[in-house]
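**Student:** Chain residues, written in single-letter form:
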Amino acid sequence: MEPAEVEFLAEKELVTIVPNFSLDRIHLIGGDLGPFNPGLPVEVPVWLAINLKQRQKCRLIPPEWMDVGKLEEIRDQERKEDTFTPMPSPYYMELTKLLLNYASDNIPRADEIRTLVKDTWDTRMAKLRLSADSFVRQQEAHAKPFQALAQLLQQFCTDTNAHHNPGQGENRSKNPESSLVRRENQHRSCYKARLHPSQAPQHGEG
Amino acid sequence: MFVSDCRREFYDLIVTQRVLLLVASDVDALCACKILQALFQCDHVQYTLVPVAGWQELETAFLEHKDQFKYFVLINCGANVDLLEILQPEEDTYFFVCDSHRPINVVNVYNDTQIKLLVKQEDDLDVPAYDDIFRDEEEEEEEEEDSEKESDGSEPLEKRRRFEEEVIERTMKRRQRREWEARRREILFDYEQYEYHGTSSAMVMFDLAWVMSKDLNDMLWWAIVGLTDQWVQDKITQMKYVTDIGILQRHVSRHNHRNEDEENSLSIDCMRIAFEYDLRLALYQHWSLYESLCNTCYTSASLKLWSVQGQKRLQEFLADMGLPLKQVKQKFNSMDMSLKENLREMIEESANKFGMKDLRVQTFSIHFGFKNKFSASDIVYATTSLMENIEKEGPETTNFIKALDSLSRGNLDKLHQGLDLAKKQLRAIQQTVASCICTNLVISQGPFLYCSLMEGTPDVKLFSKPVSLCLLSKYLLKSFVCSTKNKRCKLLPLVMAAPMDVEQGTVIMVGIPPETESSDKKNFFGRAFEKAAESTSSRTLHNHFQMSIIELKTEDRSKFLDALISLLS
Numbered sequence: 356m357e358p359a360e361v362e363f364l365a366e367k368e369l370v371t372i373v374p375n376f377s378l379d380r381i382h383l384i385g386g387d388l389g390p391f392n393p394g395l396p397v398e399v400p401v402w403l404a405i406n407l408k409q410r411q412k413c414r415l416i417p418p419e420w421m422d423v424g425k426l427e428e429i430r431d432q433e434r435k436e437d438t439f440t441p442m443p444s445p446y447y448m449e450l451t452k453l454l455l456n457y458a459s460d461n462i463p464r465a466d467e468i469r470t471l472v473k474d475t476w477d478t479r480m481a482k483l484r485l486s487a488d489s490f491v492r493q494q495e496a497h498a499k500p501f502q503a504l505a506q507l508l509q510q511f512c513t514d515t516n517a518h519h520n521p522g523q524g525e526n527r528s529k530n531p532e533s534s535l536v537r538r539e540n541q542h543r544s545c546y547k548a549r550l551h552p553s554q555a556p557q558h559g560e561g
Numbered sequence: 000m001f002v003s004d005c006r007r008e009f010y011d012l013i014v015t016q017r018v019l020l021l022v023a024s025d026v027d028a029l030c031a032c033k034i035l036q037a038l039f040q041c042d043h044v045q046y047t048l049v050p051v052a053g054w055q056e057l058e059t060a061f062l063e064h065k066d067q068f069k070y071f072v073l074i075n076c077g078a079n080v081d082l083l084e085i086l087q088p089e090e091d092t093y094f095f096v097c098d099s100h101r102p103i104n105v106v107n108v109y110n111d112t113q114i115k116l117l118v119k120q121e122d123d124l125d126v127p128a129y130d131d132i133f134r135d136e137e138e139e140e141e142e143e144e145d146s147e148k149e150s151d152g153s154e155p156l157e158k159r160r161r162f163e164e165e166v167i168e169r170t171m172k173r174r175q176r177r178e179w180e181a182r183r184r185e186i187l188f189d190y191e192q193y194e195y196h197g198t199s200s201a202m203v204m205f206d207l208a209w210v211m212s213k214d215l216n217d218m219l220w221w222a223i224v225g226l227t228d229q230w231v232q233d234k235i236t237q238m239k240y241v242t243d244i245g246i247l248q249r250h251v252s253r254h255n256h257r258n259e260d261e262e263n264s265l266s267i268d269c270m271r272i273a274f275e276y277d278l279r280l281a282l283y284q285h286w287s288l289y290e291s292l293c294n295t296c297y298t299s300a301s302l303k304l305w306s307v308q309g310q311k312r313l314q315e316f317l318a319d320m321g322l323p324l325k326q327v328k329q330k331f332n333s334m335d336m337s338l339k340e341n342l343r344e345m346i347e348e349s350a351n352k353f354g355m356k357d358l359r360v361q362t363f364s365i366h367f368g369f370k371n372k373f374s375a376s377d378i379v380y381a382t383t384s385l386m387e388n389i390e391k392e393g394p395e396t397t398n399f400i401k402a403l404d405s406l407s408r409g410n411l412d413k414l415h416q417g418l419d420l421a422k423k424q425l426r427a428i429q430q431t432v433a434s435c436i437c438t439n440l441v442i443s444q445g446p447f448l449y450c451s452l453m454e455g456t457p458d459v460k461l462f463s464k465p466v467s468l469c470l471l472s473k474y475l476l477k478s479f480v481c482s483t484k485n486k487r488c489k490l491l492p493l494v495m496a497a498p499m500d501v502e503q504g505t506v507i508m509v510g511i512p513p514e515t516e517s518s519d520k521k522n523f524f525g526r527a528f529e530k531a532a533e534s535t536s537s538r539t540l541h542n543h544f545q546m547s548i549i550e551l552k553t554e555d556r557s558k559f560l561d562a563l564i565s566l567l568s
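Listed in order, the protein sequences are those of chains A and B.
With our numbering applied, the first sequence covers 356 to 561.
With our numbering applied, the second sequence covers 0 to 568.
Since the hints were derived computationally from the structure, they do not count as laboratory data.
Each hint should be verified, as a subset may be incorrect.
When the alpha-carbon atoms are kept at most 25 Å apart in a straight line, the in silico DSS-like pairs for lysine-lysine are as follows [unchecked claim]:
no. : chain 1 : residue 1 : chain 2 : residue 2
1   : B       : LYS422    : B       : LYS330
2   : B       : LYS391    : A       : LYS408
3   : B       : LYS311    : A       : LYS473
4   : B       : LYS530    : B       : LYS486
5   : B       : LYS356    : B       : LYS213
6   : A       : LYS452    : B       : LYS370
7   : B       : LYS423    : B       : LYS372
8   : B       : LYS391    : B       : LYS311
9   : B       : LYS391    : B       : LYS423
10  : B       : LYS339    : B       : LYS460
11  : A       : LYS435    : A       : LYS408
12  : A       : LYS412    : B       : LYS213
Remember, it's a predicted structure, so these values are computed and weren't measured experimentally.
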């Protein structure tokens, strides 16, 4: 997906604003919005909130999770765990960027928030890189962080593993990159020990 | 007609219409235009922006667009001339004029329907009363006709007596009429004799935004830049400047008080405006302190830096402050922190010893992000030099649009380009001033001083633009006043001429009022130039919105000057 597409989808999330004008309910294709009364908070999609803010017609209220304490907790939690932890919103990165660009005067301690979200993002990117790297190297059926994806791939694994496993052992020795590719079973156990000594592998043992 | 409620009588009318914005070419107009554009964008008003540099361009733009628009907004142009006569508009077109040029033409003031003036009424306008200038001419004619008809139907004796009475009445009326006309001419002459400037248009637009509660920090900054432009170009008195700074200071503290609170302070990227009692040195934070001292009019004139003795005095001045020469010649940002900490107080103390009492001035500065700090006068110099850039990079209006863009915070590269151009311009001005004074090019013609730049002078092309030439002439006058010993010459105004277009053989001429401590900045050269041109039938072009700037053919220069001398002595 292009960044512009992702941003477009993120802008459908709802955020609270305090308008300074009054307007009756408006009926849009995506749903109904309003009514708008000056001084009373109302929930609108982010695209409308940003537009109104630029025209000086409202004041944005940051979402609950956009708070220094909460974000610090989230960041620390992310650093402790080896896999992804649940994020407050599926579009937390896009929302942070949009809200801090256009409405940073309505968000207290905006600089710290930006740093914390960036830290969390960096941690998650590092995990992604690490697991993708080992996924490729060890030709695993799935990489650990993607728990949800694992469920999906499990079906494929049980089908393909049976075919590939016997063949792989012969080819590996002739493979020029054989020094980098180690035997599957050996590494599966080593890998397990490194990351999750307790967690049992989720795909078929073959 | 004066608009009393800006919001109801101006903004609410145009919010649903398409509007044509005609904007003059000076920084104050640019700032007012920016504020108005921001308001239009909030309310989705459709508008067309046309930059105009003079009356001819104003007329052409009007003729081009008069079929499509009914509402015209004129910024910093149009108040001092009879608009209806020049433009000949239809009955249903409306003009909103936001102009700092004074005196406002009486027709514009007393027209009730088509011309609305967005001007603060507290400005001392001294507009003559309606009855003194306008008289119902139809009444007079009717009376005369009636009296003639009556005299036809009656007896000869009575007829004769009545006829005599009527003749007496008529002569009395005619005499009264002549007296009234003479008085009217005198009043109008007094009113229109001196040109001066009123409140900055950017401040008027900011007031409009404030009344609508749509004022932002950005708009406040543009209002500050507009006011500072008037001060840099010496268009308003010191008193007025200080009063207006006080007004803006209230707005600044209202918008920017959150910075003191540690808990809820704004992101570093948000713009903050701060009031400063800053040094009067041009661009000193983007240049080295030494260069800035050399190229600022105030210091260069007081220390007389065109002479060798002056250079020595500059070294003494720096030594007095304890600033090593090496440090002072470095870029300001790289100077030692220990020197920069108390710089302002140190400079003020030493400056007092050297006779420069007003080295510090009340102004505002803006900062956003970690790197960007600008003072209001920096922006004024940068924008002026961008607007009057002699390098043609495209169609006529690119310079105007570039200068307009540089006022937005997102276009820092244009602003930096403007700062570089401004440095070149200031250096060129100082060098020209130094050469003029050393070669005694400023001569007294009797009622005024005169200086003319020759074609081969370096950087003379920079001075073919009106604002740059005005700046040059003001600096020249200040330096001349400091350098001359003749007491009478110190009180004379200055007329400056520079070649404008070599192929067409035109010269641009500027007249500025004398340089005194308590001058009220009133300029009589506008009318004087007009009269001199008429009497000698010289080929002149009074195109600029300020009447004291004209273009004329090089051949007619000497006879024009002679006429001017005889007119003013």
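**Student:** Quick one, are B:LYS356 and B:LYS213 close enough, alpha carbons at most 25 Å?
**Tutor:** Violated, because 40 Å separates the two Cα atoms, which is more than 25 Å.
**Student:** For the pair we were handed, A:LYS452 and B:LYS370, check the Cα-Cα distance against 25 Å.
**Tutor:** Holds, at roughly 22 Å.
**Student:** Decide if the proposed pair is consistent with the structure: B:LYS530 and B:LYS486, CA atoms, cutoff 25 Å inclusive.
**Tutor:** This hinted pair is violated, its Cα atoms lying about 29 Å apart.
**Student:** Straight-line Cα separation of A:LYS412 and B:LYS213 no greater than 25 Å?
**Tutor:** 9 Å, holds
**Student:** Please verify whether B:LYS422 and B:LYS330 have alpha carbons no more than 25 Å apart.
**Tutor:** 13 Å, holds
**Student:** Would you check the hint for B:LYS423 and B:LYS372, treating anything up to 25 Å between C-alpha atoms as holding?
**Tutor:** Holds. B:LYS423 to B:LYS372 sits at ~21 Å (cutoff 25 Å).
**Student:** Does B:LYS311 lie within 25 Å of B:LYS391 when you go C-alpha to C-alpha?
**Tutor:** Since the Cα atoms of B:LYS391 and B:LYS311 sit roughly 41 Å apart, the hinted pair is violated (cutoff 25 Å).
**Student:** Quickly compare the C-alpha distance for B:LYS391 and A:LYS408 to 25 Å and report which way the hint goes.
**Tutor:** 39 Å, violated
**Student:** Does B:LYS460 lie within 25 Å of B:LYS339 when you go C-alpha to C-alpha?
**Tutor:** 37 Å, violated
**Student:** Take a quick look at whether B:LYS391 and B:LYS423 sit within 25 Å of each other, Cα to Cα.
**Tutor:** With a Cα-Cα distance of about 17 Å, the restraint between B:LYS391 and B:LYS423 holds, given a limit of 25 Å.
**Student:** Given the hint that B:LYS311 pairs with A:LYS473, does the C-alpha gap stay at or below 25 Å?
**Tutor:** 57 Å, violated
**Student:** Under the criterion that the straight-line Cα-Cα distance not exceed 25 Å, is the pair A:LYS435, A:LYS408 satisfied?
**Tutor:** 38 Å, violated
Checked against the numbered hints given earlier, the structure breaks hints 2, 3, 4, 5, 8, 10 and 11 and satisfies all the rest.
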